[in-house]
Every structure is written in C-alpha cells, then in structure tokens.
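Undergrad: Chains as they are written, first to last, in our numbering: chain R, 1 to 268; chain P, 1 to 82.
In short, the hints are calculated from the structure, not lab data. Quick caveat: nothing in here was measured; it's all calculated off a predicted structure. Some hints here could point you the wrong way.
Derived CB-CB ranges, DEER-like [to be verified]: (1) Pro111(R) - Asp32(P): 18 to 24 angstroms; (2) Asp63(R) - Val54(P): 34 to 40 angstroms; (3) Lys198(R) - Gln42(P): 46 to 52 angstroms; (4) Glu249(R) - Arg18(P): 58 to 64 angstroms; (5) Lys40(P) - Lys47(R): 35 to 41 angstroms; (6) Asn22(P) - Pro112(R): 20 to 26 angstroms; (7) Asn22(P) - Pro199(R): 27 to 33 angstroms; (8) Lys80(P) - Glu240(R): 32 to 38 angstroms; (9) Ser135(R) - Asp48(P): 54 to 60 angstroms; (10) Val54(P) - Gly75(R): 35 to 41 angstroms.
Once the Cα atoms are required to be at most 27 angstroms apart in a straight line, the calculated DSSO-like pairs of lysine-lysine come out as [unchecked claim]: (11) Lys62(P) - Lys47(R); (12) Lys80(P) - Lys28(R); (13) Lys80(P) - Lys55(R); (14) Lys95(R) - Lys31(P); (15) Lys89(R) - Lys62(P); (16) Lys130(R) - Lys14(P); (17) Lys80(P) - Lys143(R); (18) Lys40(P) - Lys69(R); (19) Lys14(P) - Lys82(R); (20) Lys80(P) - Lys69(R); (21) Lys55(R) - Lys89(R); (22) Lys250(R) - Lys55(P); (23) Lys31(P) - Lys89(R); (24) Lys89(R) - Lys40(P); (25) Lys143(R) - Lys55(P); (26) Lys55(P) - Lys82(R); (27) Lys62(P) - Lys28(R).
Backbone N, C-alpha and C define an ideal beta-carbon position, used for all residues, glycine too.
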Amino acid sequence: MSWFDKLKKLIDVDIKLSAPIINININKSFNKSKDSDDAYFYDKETKILHIHPDKLPEEIRKDLPNITKQYIAEGNRLLEYKTADLLEKLYQYNKDNDDSAILEFFRPIIPPSDYEALEAALFLRAEFRKSNDVSGLKDDIRKRFGDRGNNISNLCTAGYFEEFLMPLFNSSREMFDRIYEEIVMRSIVAVFVNRGMKPDAIPYEIQRRLEISKKYGIKFIHIHGISRANVEKIISCIQEQKKFFDFFEKKIYEAPTRDLIVVELILK
Amino acid sequence: MPACTTEPHLTFDKSVIRDVLNYLDKDLDDKDFIVEKSDKSQRVLTIDGEEISVKEFGGVQKGSQVFIKDDLVSLMRLTKKK
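Isolated chain R (complex conformation):
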C-alpha cells in the first residue's frame, strides 16, 4: 500500500483525498486558537490539507513517522513548505528562462563561483521583475558568496552583465580582464544605495569608486536606489551635496512610481 493510501485510510476528513487535487502539509501553525481541537484544515483555494500532528488521535499520530519514511523511500522529496515552493519556482525558471544566453556567454570567462552567483542572481532578478519579495534570496546569495556575491547580485539586477560587461568583453578582452575583478569586488561602476546606508556615505562611496575607475578610463558612475525611502535618500543627498554633484554631468531616471531611481554621473 502506498504512503498516500495509508494516509487516506487513517484520516477521516470531509473532502475527497485523491490526486491531483490535494497536497498535504504537516503544520502546527494553521490553528493557533487554543479553543479549537481541529486536527485538519483544508484550504480550498490552495487545495492543501494541513494536518496538525499534536491534535491527531494517538492511533493516527503514531503512524505518521512510518508514513513519512515511506513517502521518502518511494522516491519523493519531503520538503519544508516554503522550500518546496522555491524549488518549484526554480524548476519553472529553468524551463522558461531566457537568461541562458547570458550564462553561456559568461561561463567560460568568469570564475566558477562567480558563475554560480550570477546564475542565482539571474533567478533573483526574474523574481524581482515579477514583483516578488527577493530579500530572502538576496540574503542567501550574500551568505553563500559574501560581498562579492552581493555585488554580482546588485550588478546583475541592474543589467550590468549584459549591458556593460558583455560589450566590454566583445570590444576588448584585455580591458575586460583588467577591470572585471574591480567591478565584481568593488563595484566601481555603481553605488547601490541600501536601507542601512546613510546619505553622507553616498558621495564618499562615489569618490572611492571613481579613484579606481579613473585609472581604467571609466568616466561615469551610476547610483541605484530601489524603494521609496532609498529614492528619497538619493534625491535629498543630491540636493544637499550640490557642490559635490556639480562636478558631474547628471542624468536622472526616476520611475513614475517613485520607488526606483538611477542617477548617471559623468565626469565633466
């Protein structure tokens, strides 16, 4: 008897337990009411049956470990709910994504760990473009690849891999080899303003990057901000530090929704 048949035999709920209409989630948090003794909750929208293990009758609860083990032994992955969701999104992305040309381009020319960070960053970008929350994905990339991975993720989201590094490589392999490291390690072409960055730090970060990039003949720098707070931070910094920003020719691209900004600064 399969794991699912065993489970169906054990539990007695008022829904039809047959594939593909149902998935089962073992969960203690769906029912936080102390007064309720419900062991099951069927979510009609997601078609998921949530089972509260502590509220199951003892004769059913004692069989859960064996059913779980059998589920795995039958070749299934037992996954935490959000992990299952992320894995499904990754499979879907692999099937649909149009980023393969970018990956194929960079695979032979960047270190393997940068390539893996880029792959993760492209998925993050695809999720970001669907307006999904990507803060967890961003943290995962930073934890795995450190500041370098974080830079790759920021640069990738802003389009630098295909819009700057690809043409750079195509025009001069030598120049690419010289500045790739500076770009992914120090992010010399862009400042990504984040929540924790104070407005005073923006001119400092620009100055720091320009000192390096000027050596390579790069005469521009971009400031990126996502979220209304960061956009406002950048705008007020430009107004307050007028003297500093007057050194540059400025182009400001701001989304009508005021939650995204790119400022291009070109050395006069």
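Please arrange chain P on chain R, whose structure you already have, making use of the hints.
TA: For chain P alone, coordinates are given in the frame of chain R:
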C-alpha cells in the same frame, strides 16, 4: 508547493521541523546541527556533503536520507541533479 505535478505531495511547515526530524530518527547536537538519534556524534550530510543545522533544514530525499538545505544555491544545484 509542487503545483505542476499530478501526484500528491507531503510537505511540512517550519513549526514541525523538530517533529519531522524525530520521525526520521534524527536529533540535534549542542550546536543545533542535525545528527543521528542513535549516534549524536554523527552529523548528517547534504547532497553537497555539507553538515546542516536545523535553521538550514529544507527537506530530505531518498538515498539513505540525503538532507537538503533551504537556501537558493543549494536548491539551484538540486534542480541540476536527477
């Protein structure tokens, strides 16, 4: 959730991680790494051969119970393995 598959799937919520580890005869050591219940000095390994803490636990698959981390890169690698 695995929405595009036709088979029913069993998942678990973060709230029952300890229960699930218990079902699989696993326990935690003093640093919160997942270990065999029968031998607490034996930390379990992921598909990439890494030790795994309870905070990182994303699931298990067949193959003498191969553990899965819940982060993006671990799952990205998993999609490339059969």
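Undergrad: Taking each numbered hint in turn, which are not upheld by the structure, reported in ascending numerical order?
TA: 1, 2, 6, 7, 8, 9, 10, 12, 13, 14, 21, 22, 23, 24
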